[in-house]
Amino acid sequence: MTELTKLSAVEIAGLVAAGETSAVEVTQAHLDRIAAVDGRVNAFLHVDGEGALAAARDVDARRAAGEALGPLAGVPVAVKDVLTTKGVPTTAGSKILEGWRPPYDSTIVQRLRAAGTVMLGKTNMDEFAMGSSTEYSAYGPTRNPWDTDRIPGGSGGGSAAALAAYEAPLAIGSDTGGSIRQPGAVTGTVGAKPTYGGTSRYGLVAFSSSLDTPGPCARTVLDAALLHEAIGGHDPRDSTSIPAPVPDVVAAAKLGATGDLTGVRLGVVTEFAGEGAEPGVLAAFNEAVDALTKLGAEIVEVSCPHFKYALPAYYLIGPSECSSNLARFDGVRFGLRVGDDGNRSLEEVMSLTREAGFGPEVKRRIMIGTYALSSGYYDAYYGQAQKVRTLITRDFTAAFERVDALISPATPFVAFPLGARTSDPYQMYLADLFTVPANLYGGPGISVPCGLSGGLPVGLQVMAPTMADDRMYRVAAALETAVGTLTPPEL
Amino acid sequence: MVAISREEVAHLARLSRLAVSEEELDTFAGQLDVILQAVAQVGEVAADDIPPTSHSVPLTNVLREDVVTPGLTPEEALSGAPDAEEQRFRVPRILDEDVAS
Numbered sequence: 149m150t151e152l153t154k155l156s157a158v159e160i161a162g163l164v165a166a167g168e169t170s171a172v173e174v175t176q177a178h179l180d181r182i183a184a185v186d187g188r189v190n191a192f193l194h195v196d197g198e199g200a201l202a203a204a205r206d207v208d209a210r211r212a213a214g215e216a217l218g219p220l221a222g223v224p225v226a227v228k229d230v231l232t233t234k235g236v237p238t239t240a241g242s243k244i245l246e247g248w249r250p251p252y253d254s255t256i257v258q259r260l261r262a263a264g265t266v267m268l269g270k271t272n273m274d275e276f277a278m279g280s281s282t283e284y285s286a287y288g289p290t291r292n293p294w295d296t297d298r299i300p301g302g303s304g305g306g307s308a309a310a311l312a313a314y315e316a317p318l319a320i321g322s323d324t325g326g327s328i329r330q331p332g333a334v335t336g337t338v339g340a341k342p343t344y345g346g347t348s349r350y351g352l353v354a355f356s357s358s359l360d361t362p363g364p365c366a367r368t369v370l371d372a373a374l375l376h377e378a379i380g381g382h383d384p385r386d387s388t389s390i391p392a393p394v395p396d397v398v399a400a401a402k403l404g405a406t407g408d409l410t411g412v413r414l415g416v417v418t419e420f421a422g423e424g425a426e427p428g429v430l431a432a433f434n435e436a437v438d439a440l441t442k443l444g445a446e447i448v449e450v451s452c453p454h455f456k457y458a459l460p461a462y463y464l465i466g467p468s469e470c471s472s473n474l475a476r477f478d479g480v481r482f483g484l485r486v487g488d489d490g491n492r493s494l495e496e497v498m499s500l501t502r503e504a505g506f507g508p509e510v511k512r513r514i515m516i517g518t519y520a521l522s523s524g525y526y527d528a529y530y531g532q533a534q535k536v537r538t539l540i541t542r543d544f545t546a547a548f549e550r551v552d553a554l555i556s557p558a559t560p561f562v563a564f565p566l567g568a569r570t571s572d573p574y575q576m577y578l579a580d581l582f583t584v585p586a587n588l589y590g591g592p593g594i595s596v597p598c599g600l601s602g603g604l605p606v607g608l609q610v611m612a613p614t615m616a617d618d619r620m621y622r623v624a625a626a627l628e629t630a631v632g633t634l635t636p637p638e639l
Numbered sequence: 206m207v208a209i210s211r212e213e214v215a216h217l218a219r220l221s222r223l224a225v226s227e228e229e230l231d232t233f234a235g236q237l238d239v240i241l242q243a244v245a246q247v248g249e250v251a252a253d254d255i256p257p258t259s260h261s262v263p264l265t266n267v268l269r270e271d272v273v274t275p276g277l278t279p280e281e282a283l284s285g286a287p288d289a290e291e292q293r294f295r296v297p298r299i300l301d302e303d304v305a306s
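Going down the list, the protein sequences come from chains A and B.
Start counting the first sequence at 149; every next residue gets the next number (my numbering).
Start counting the second sequence at 206; every next residue gets the next number (my numbering).
Keep in mind the hints are simulated off the structure, nothing from the lab.
Using N, Cα and C, we set each Cβ at its ideal position, and we do this for glycine too.
Any given hint could be a false lead.
[Unchecked claim] Label pairs and their calculated CB-CB ranges:
| hint | chain 1 | residue 1 | chain 2 | residue 2 | range |
| --- | --- | --- | --- | --- | --- |
| 1 | B | Pro279 | A | Ser472 | 20 to 30 Å |
| 2 | B | Leu264 | A | Ala262 | 20 to 30 Å |
| 3 | A | Pro508 | B | Asp288 | 23 to 33 Å |
| 4 | A | His382 | B | Ser210 | 42 to 52 Å |
| 5 | A | Lys154 | B | Arg298 | 51 to 61 Å |
[Claimed, not checked] Computed footprint of chain A on chain B; a stretch qualifies when at least three of its residues, placed anywhere within it, have a C-beta under 8 Å from a C-beta of chain A:
| hint | region |
| --- | --- |
| 6 | 210-221 |
| 7 | 244-254 |
| 8 | 272-286 |
[Stated by the list, open to error] One side only, chain B facing chain A, incomplete, derived with CB under 7 Å:
| hint | residue |
| --- | --- |
| 9 | Ala224 |
| 10 | Pro257 |
| 11 | His260 |
Could you build the full structure based on these sequences and the hints that come with them?
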């Protein structure tokens with residue numbers, strides 16, 4: 149039989165359904181793969197072998213009993229360590245949550261279980277999802293399977309690297325400024341940020357609540373769509389969850405896979421198609437645009453004049469919200485407590501706990517946010533960033549009156565060497581240049597492999613109107629038929 | 206021009222409940238200055254008459270019927286606490302000695 153770890157989720161589910169393999173066999177193959185390669189990749193912070201095999205046995209038993217199971221039953225999935233998992237360690241990549249075993253499952257994880265997927269473990273990430281390379285994890289960086297001296301993107305580098313290293317066929321990420329799409333792009337995998345509110349934030353460790361969006365990661369567009377369908381939809385436990393059905397992303401991916409984009413109008417964002425991206429990325433992007441034209445799409449250029457302010461606006465809004473959200477890490481209800489010697493005051497213990505528990509990037513963002521929200525600076529920083537957010541939304545709205553979807557490179561550069569950007573935090577922020585506008589607007593975005601530059605993957609981003617997630621899957625699936633999936637070198 | 210001084214960073218750290226070291230203050234002062242100067246670009250946009258956006262989806266109060274649903278037990282809720290006593294979170298003292306006595 150073909151190596152089980154090289155198969156897509158659709159193929160695995162098909163074999164399990166046909167009785168040609170079992171969920172236990174599939175799970176064991178992936179656990180073996182993790183044991184063999186993760187020492188070199190560090191995609192996982194925690195592998196739950198026992199839990200995974202128990203879940204797999206359950207799927208096999210239900211199938212044997214004749215139960216009708218869903219389209220992803222028996223398929224292994226890796227979950228970013230930012231989502232709570234009952235009884236399974238959840239750290240968000242931070243020392244402040246080391247050893248914490250949440251008493252409840254996030255909605256996303258509940259839905260993964262209900263779909264019959266098998267959770268292999270929790271994946272590495274930049275601490276509290278703040279970063280673009282996974283180097284800000286308190287547990288050491290994840291390495292890119294394409295070149296283990298390079299970063300796998302961030303913050304969800306663990307999830308993307310697990311896919312590229314064939315340690316899992318599916319993974320969950322969360323995207324606040326690009327943390328699903330950017331790792332997808334630089335590892336040659338598919339990463340989709342759903343419409344904000346289209347996937348539940350219940351049990352997602354909060355970073356920036358008006359932007360945080362959990363979403364699917366996979367090696368193929370159809371696999372991502374199936375995972376999106378399984379986890380998406382209204383959740384009464386999330387007050388910003390949209391009470392509407394998930395757009396039919398699976399049908400859209402299948403339609404796209406016919407390779408016909410006749411009648412589809414795609415806008416190339418002028419501001420993102422010139423300066424800002426390195427030449428190799430632009431070359432791969434331009435070839436993909438030609439491919440989309442050959443598939444029948446009509447390409448027009450669309451200017452979004454405020455997009456150039458998206459990065460500064462994002463790096464004010466995100467830190468502002470994080471400075472408030474991370475106040476909950478006070479050494480009282482969960483996680484670390486430092487310096488409680490019976491003499492120190494609560495405030496001193498809190499300050500020592502946070503000093504010891506948070507890494508430098510988290511501290512920087514908390515302080516930037518505290519600054520931007522302080523009375524003398526509020527109007528010039530946070531208030532102004534919120535107004536820019538309005539203007540960016542208007543750019544999107546105007547663009548979608550002319551085109552069905554917008555396209556751009558997903559990232560300005562390919563995977564960079566470990567350590568290349570850690571000494572200058574703002575250089576790290578530039579990795580999010582093309583992904584942050586969609587977060588500020590709230591619409592969906594997907595990164596799909598579009599070629600190589602210097603032997604490293606390049607991603608094309610498709611952005612669609614809010615609650616039109618299906619459109620981006622159609623375009624991404626069509627491009628996939630022309631480009632194919634990218635295969636990394638053997639580890 | 207410097208956007209933020211070392212003293213201001215020390216003040217921010219205190220407001221943020223971060224007991225940062227002197228060495229960290231030196232590093233952070235330079236880094237925060239670079240970041241703040243970069244993000245200050247938002248000020249280039251003429252936006253006086255533009256309303257702010259806090260969320261991309263319209264926010265409304267979400268109400269539900271006041272009925273009991275299953276939740277965490279006290280033991281589960283306290284399971285991650287660094288310190289607990291009599292089904293409560295136990296915290297370090299919150300008042301000064303002389304006030305407390």
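Right, here's what the structure says about each hint:
For Pro279/B and Ser472/A, the hinted distance range of 20 to 30 Å is satisfied, since their beta carbons lie about 27 Å from each other. Distance hint check: the CB atoms of Leu264/B and Ala262/A are about 28 Å apart, consistent with the given range 20 to 30 Å. Checked against the given bound of 23 to 33 Å, the beta carbons of Pro508/A and Asp288/B, roughly 28 Å apart, stay inside it. For His382/A and Ser210/B, the hinted distance range of 42 to 52 Å is satisfied, since their beta carbons lie about 48 Å from each other.
Separated by about 59 Å at the C-beta atoms, Lys154/A and Arg298/B satisfy the suggested range of 51 to 61 Å. Counting residues of the region 210-221 of chain B whose CB falls under 8 Å from any CB of chain A gives 7; the rule of at least 3 is met. With a cut-off of 8 Å between beta carbons, the region 244-254 of chain B has 8 residues touching chain A; three or more are needed, and the interface restraint holds. Requiring three or more residues with a Cβ within less than 8 Å of a Cβ of chain A, the coverage given for the region 272-286 of chain B holds, as 6 such residues are present.
Satisfaction of the interface hint for Ala224/B is found here, the shortest Cβ-Cβ separation to chain A being roughly 4 Å, below the 7 Å cut-off. Among the interface hints, the one on Pro257/B holds; its C-beta lies about 3 Å from the nearest C-beta in chain A, closer than the 7 Å criterion. A distance limit of 7 Å between C-beta atoms decides the matter here; for His260/B the minimum to chain A is near 5 Å, and the interface restraint holds.
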